[in-house]
Amino acid sequence: MLKALGVNSIDELYADVPAEAFAKRPVDIPGPYTEMEIERIVEQKLSGDTTAPPSSCFLGGGAWPHYVPPAVQLISSRSEFYSSYTPYQPEASQGMLQALFEYQSLICDLTKMDAANASMYDWATAAAEAALMAIRVTGKKGIVVSRASGYDRRNAIRTYIEAAGGHMAEADFGPRTGLTDLSSLEVSADDTAAVYVEQPNFLGCVEEAVPEMAELAHRKKALFIVGAEPTSLGLLKAPGEYNADVVVGEGQPLGLPLSYGGPLLGVFAARGDLAFIRQMPGRIVGETTEKEGERRGYVLVLQSREQHIRRERATSNICTNQALMAVAAAAYLSLLGGDGLKALSRTICSNAHYAAKRVAELKGYTAPVFESKFYSEFAIAHVSSDLTGTDLFRRLSARGVFAALPLGWFYPEMSREALISVTEAHMKPDVDRLVGALGEVL
Amino acid sequence: MELGRKGRIGFVPPPPIDPTVEIDLPKELLRDEVELPGLSELQVVRHFVRLSQMNFSVDTGFYPLGSCTMKYNPKLNDRIASHPKVINAHPHQPHETVQGLLGILYDLSTMLASITGTEAVTTLPAAGAHAEFLGALMIRKYHAVNGDSNRNEMIVPDSAHGTNPASAQMAGFKVVKVSTDSRGLVDLEELKKLLGERTAGMMMTVPNTLGLFEKDVLTISKLVHEAGGLMYYDGANLNAIIGRVRPGDLGFDVVHLNIHKTFSTPHGGGGPGAGPLCVKAFLRDYLPTPLLAYDGKLYHWEQELPHSVGRVKSFWGNVGVLVRAYAYLLTLGPEGLKEISGLSVLSSNYLMKKLDPKYYSLPYAEGVPRKHEFVVSSKPLAKKGVKALNVAKAIIDEGQHAPTVYFPLIVDEALMIEPTETEPVEEIDRFANVVNEIGRKAIDDPEDVLKRPLFNSSGLLDDFKASHPMSLKLRWAPQGKQ
Numbered sequence: 001m002l003k004a005l006g007v008n009s010i011d012e013l014y015a016d017v018p019a020e021a022f023a024k025r026p027v028d029i030p031g032p033y034t035e036m037e038i039e040r041i042v043e044q045k046l047s048g049d050t051t052a053p054p055s056s057c058f059l060g061g062g063a064w065p066h067y068v069p070p071a072v073q074l075i076s077s078r079s080e081f082y083s084s085y086t087p088y089q090p091e092a093s094q095g096m097l098q099a100l101f102e103y104q105s106l107i108c109d110l111t112k113m114d115a116a117n118a119s120m121y122d123w124a125t126a127a128a129e130a131a132l133m134a135i136r137v138t139g140k141k142g143i144v145v146s147r148a149s150g151y152d153r154r155n156a157i158r159t160y161i162e163a164a165g166g167h168m169a170e171a172d173f174g175p176r177t178g179l180t181d182l183s184s185l186e187v188s189a190d191d192t193a194a195v196y197v198e199q200p201n202f203l204g205c206v207e208e209a210v211p212e213m214a215e216l217a218h219r220k221k222a223l224f225i226v227g228a229e230p231t232s233l234g235l236l237k238a239p240g241e242y243n244a245d246v247v248v249g250e251g252q253p254l255g256l257p258l259s260y261g262g263p264l265l266g267v268f269a270a271r272g273d274l275a276f277i278r279q280m281p282g283r284i285v286g287e288t289t290e291k292e293g294e295r296r297g298y299v300l301v302l303q304s305r306e307q308h309i310r311r312e313r314a315t316s317n318i319c320t321n322q323a324l325m326a327v328a329a330a331a332y333l334s335l336l337g338g339d340g341l342k343a344l345s346r347t348i349c350s351n352a353h354y355a356a357k358r359v360a361e362l363k364g365y366t367a368p369v370f371e372s373k374f375y376s377e378f379a380i381a382h383v384s385s386d387l388t389g390t391d392l393f394r395r396l397s398a399r400g401v402f403a404a405l406p407l408g409w410f411y412p413e414m415s416r417e418a419l420i421s422v423t424e425a426h427m428k429p430d431v432d433r434l435v436g437a438l439g440e441v442l
Numbered sequence: 443m444e445l446g447r448k449g450r451i452g453f454v455p456p457p458p459i460d461p462t463v464e465i466d467l468p469k470e471l472l473r474d475e476v477e478l479p480g481l482s483e484l485q486v487v488r489h490f491v492r493l494s495q496m497n498f499s500v501d502t503g504f505y506p507l508g509s510c511t512m513k514y515n516p517k518l519n520d521r522i523a524s525h526p527k528v529i530n531a532h533p534h535q536p537h538e539t540v541q542g543l544l545g546i547l548y549d550l551s552t553m554l555a556s557i558t559g560t561e562a563v564t565t566l567p568a569a570g571a572h573a574e575f576l577g578a579l580m581i582r583k584y585h586a587v588n589g590d591s592n593r594n595e596m597i598v599p600d601s602a603h604g605t606n607p608a609s610a611q612m613a614g615f616k617v618v619k620v621s622t623d624s625r626g627l628v629d630l631e632e633l634k635k636l637l638g639e640r641t642a643g644m645m646m647t648v649p650n651t652l653g654l655f656e657k658d659v660l661t662i663s664k665l666v667h668e669a670g671g672l673m674y675y676d677g678a679n680l681n682a683i684i685g686r687v688r689p690g691d692l693g694f695d696v697v698h699l700n701i702h703k704t705f706s707t708p709h710g711g712g713g714p715g716a717g718p719l720c721v722k723a724f725l726r727d728y729l730p731t732p733l734l735a736y737d738g739k740l741y742h743w744e745q746e747l748p749h750s751v752g753r754v755k756s757f758w759g760n761v762g763v764l765v766r767a768y769a770y771l772l773t774l775g776p777e778g779l780k781e782i783s784g785l786s787v788l789s790s791n792y793l794m795k796k797l798d799p800k801y802y803s804l805p806y807a808e809g810v811p812r813k814h815e816f817v818v819s820s821k822p823l824a825k826k827g828v829k830a831l832n833v834a835k836a837i838i839d840e841g842q843h844a845p846t847v848y849f850p851l852i853v854d855e856a857l858m859i860e861p862t863e864t865e866p867v868e869e870i871d872r873f874a875n876v877v878n879e880i881g882r883k884a885i886d887d888p889e890d891v892l893k894r895p896l897f898n899s900s901g902l903l904d905d906f907k908a909s910h911p912m913s914l915k916l917r918w919a920p921q922g923k924q
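In order, the protein sequences belong to chains L and B.
The opening position of the first sequence corresponds to residue 1 in the working numbering, with each subsequent residue numbered one higher.
The opening position of the second sequence corresponds to residue 443 in the working numbering, with each subsequent residue numbered one higher.
The set of hints was computed from the structure by calculation and includes no laboratory data.
Treat each hint with caution, since some may be false.
Calculated lysine to aspartate or glutamate pairs in the EDC-like style (CA-CA distance at most 16 Å, straight line) [said to hold, decoys possible]: (1) B:Lys469 - L:Glu290; (2) L:Lys24 - B:Glu475; (3) L:Lys342 - B:Glu477; (4) B:Lys517 - L:Glu39; (5) L:Lys342 - B:Asp549; (6) L:Lys237 - B:Glu470; (7) L:Lys357 - B:Asp460; (8) B:Lys829 - B:Asp890; (9) B:Lys583 - L:Glu290; (10) B:Lys657 - L:Glu290; (11) L:Lys237 - B:Asp460; (12) L:Lys45 - B:Asp466; (13) B:Lys635 - B:Glu668; (14) B:Lys825 - B:Asp905; (15) B:Lys893 - L:Asp16; (16) B:Lys893 - L:Glu290.
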């Protein structure tokens, strides 16, 4: 190859690089190692970690322990999917495009919205981009966010919209109910671009007044953005049914492992007339036919919204997304179907209620802390001692049970409360262990 | 999906622990119907496996998509990423219980700092564009903290990736475009005129999207710094210089890397990626939170930094992607790094040389070696009505992936080609022959090229029809509903 180019060494191909630009010393990294050595290095490093299977983990708060069916794992490990790039040449990438189109369709059916994109990075960035979209659509600058929303979501929204000259106000929640306080949702017709609420909220509580919140937002010509946990939609009304304009959420429960919180899957769906959809961020796949013929095909659509064409006037800068995670979620939802999702939702909700009942039977514990309905997560507190949420959390983990996420980390006034998350991944012996450990930590 | 039937199921969730426990939810919020198709496991597996077979990938063929660095993804890295202690780790687990995993992330950060010539690294950003937005925000915050809030202009070359201006705009900057001169490099004289007290910084890709090393980059850094601005390095093209040239030494203050390009992690058909942000020491306090730190005993997440741009995502970054990069770097070592950049540049120049200039002209800088990628124009074929898009479709008909087309925007009928270091010379020769043959055919028998593709999973598709709102989701009705 060098001969074909008429040069003697690779270094000659860098002849145009000024001498003072080269690194003075070689880069300081270890290696090279053989494959076997690397496996051992990693094994050695991870040997002290006490990470346990999802069945011993009762932590939620934005990523939840679930069972991943082997068929989902197989599908997302197909290297034809995972070693491909963004499908810029549709005729060579029909498989990925159709899989993403089906993902979008399944998300639309799940949320009862009209259009979904092919994924965002995660829930927090999906929520932040939804807030930016609301600012573009309404021409207003204020976003009202329920304080009962996840910490990362609230803060990502703040970071993103402040960069765009927007501002955020937090609406409080009732200290006893754990529900967003309707009277503190200060929505102004002149300023509010959107109201953002989560269902169920970060405290695990099911927001009963979502239809009223939608109406309140719409009365003031603001959008209603709902952050939804997807498995709950087997039991709870879809946000589209109570007039949400944009639905975002974390797709990780749909067949993705925890992976220490990444890669995740940002769900983004909107109601849709074209003017509205044109303001959506991210890749969108549409269905079409061959130019000559009737055969169906799929292509990336509305690319004129995107950065590679519109540059500084794009609706978002997003380029790389979480496509492979979207394929996994499509496979997961296809396996479950409507009946399966309903059954899954029921098991999760029932198991959570079972666990809450068991914890409440323990001496000194209150469970759930909030006087409202919950789906899969509920707050507990130890009331007859000065045990903080963080104490509970640390003492449980020392016993190999990951549970009781301290709410004080996110809400300074809640130093005693901690969140328990229960899913279909937990069986009776797992809950027994949790309850046993809670009994012991005093 | 359209095969869905009521009552069919592919995965049966476990029953509740105690079936006598009543579900207690607000009646008016209960959902009546969940309309998702019912399929068996076999149907779902067959469907998705068939779809995967209708998808071109690095594991099935040559993928010379310019600026995307579609190198081979070593399988060891997947095995490492599927370690139970990686995939089962909960992001809220106490940091004491994941010291090994955090140690890997920390070591990776240290290696990335060394590679880029920077001092502080966050592995938080999910992708390159995410990092660009955060880096641009950091630059804005830096000026604000220094009482320099009037600096609201970000300079971006006209050859830049689209994410650069889009990210700068999202971070609240006015984007100021600087032209490419006849050498294919940033126009220095124009740049001098653009610099001033409004300048917040400049975003650059080195080598640039024409595959040319910006040889004035040291001067440019000096000029931008003298004007009071900061330098941002877009890492999309790092593969050309890794192990040889360090962005930090070139004067860049903020550097992002594309783990899914340079560091061989699979691109997943669009994602996930990871976009670590590497900065000079004086910018550490501006990094997004949380930041992984080591106190001499334990790795932990630093939740607050004095001037941080804030929180920007859920949790701690795409860990499953990052551990693959760690394994990749250990495989290479320092000499291996130098080798990948060298071989990527060799492959690219070799392929460029093989393309027939009768059909594909080389814009800018004749005789100057390209780096890991190069851009040719199919303009010589235009007289026969054959455009870059037609060439691309004819290439995929020959079982290879097309280059990036119509980018950079400064080249008409652009074909942007990046072979990467992992392709054997036989593949590169085969590709060159295919592309030259298409050129010959375009002149002799243009009709044959214009009707492509013929042999793919679909023929030429109608983009326009797909943009109708009715085409954005599948309309299906469950069968067998009784």
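Quick rundown of the hints versus the structure:
1. Pair hint Lys469 (chain B) plus Glu290 (chain L) does not hold up; C-alpha atoms about 47 Å apart against a cutoff of 16 Å.
2. The suggested pairing of Lys24 (chain L) with Glu475 (chain B) is violated, with an alpha-carbon distance near 66 Å, which exceeds 16 Å.
3. This hinted pair checks out: Lys342 (chain L) and Glu477 (chain B) have alpha carbons roughly 10 Å apart, not beyond 16 Å.
4. Of the pairs offered as hints, the one joining Lys517 (chain B) and Glu39 (chain L) holds, with about 12 Å between alpha carbons and a cut-off of 16 Å not exceeded.
5. Among the hinted pairs, Lys342 (chain L) with Asp549 (chain B) is inconsistent with the structure: their alpha-carbon atoms are about 44 Å apart, more than 16 Å.
6. Between Lys237 (chain L) and Glu470 (chain B) the alpha-carbon distance is near 8 Å, which keeps this suggested pair within the 16 Å criterion.
7. Using a Cα cut-off of 16 Å, the hinted pair Lys357 (chain L) and Asp460 (chain B) holds, with the two alpha carbons roughly 11 Å apart.
8. For the hint pairing Lys829 (chain B) with Asp890 (chain B), the CA-to-CA distance comes to about 13 Å; that is within 16 Å, so the pair holds.
9. Distance check on the hinted pair: Lys583 (chain B) and Glu290 (chain L) sit about 49 Å apart at the alpha-carbon level, beyond 16 Å; violated.
10. Between Lys657 (chain B) and Glu290 (chain L), the direct Cα distance comes to roughly 46 Å. Violation of the 16 Å bound is thereby established for this hinted pair.
11. For the given pair, Lys237 (chain L) sits about 24 Å from Asp460 (chain B) by alpha-carbon distance, which is inconsistent with the 16 Å threshold.
12. For the hint linking Lys45 (chain L) to Asp466 (chain B), the alpha-carbon distance of about 45 Å lies beyond 16 Å, and the restraint is violated.
13. For the hint pairing Lys635 (chain B) with Glu668 (chain B), the CA-to-CA distance comes to about 13 Å; that is within 16 Å, so the pair holds.
14. The hinted pair formed by Lys825 (chain B) and Asp905 (chain B) fails the criterion: a straight-line CA distance of about 25 Å is larger than 16 Å.
15. Proposed proximity of Lys893 (chain B) and Asp16 (chain L) is contradicted: the alpha carbons are some 42 Å apart, above 16 Å.
16. Of the supplied pair hints, the one linking Lys893 (chain B) and Glu290 (chain L) holds, its CA atoms being roughly 12 Å apart against a limit of 16 Å.
Of the numbered hints given earlier, the model fails hints 1, 2, 5, 9, 10, 11, 12, 14 and 15; all others are met.
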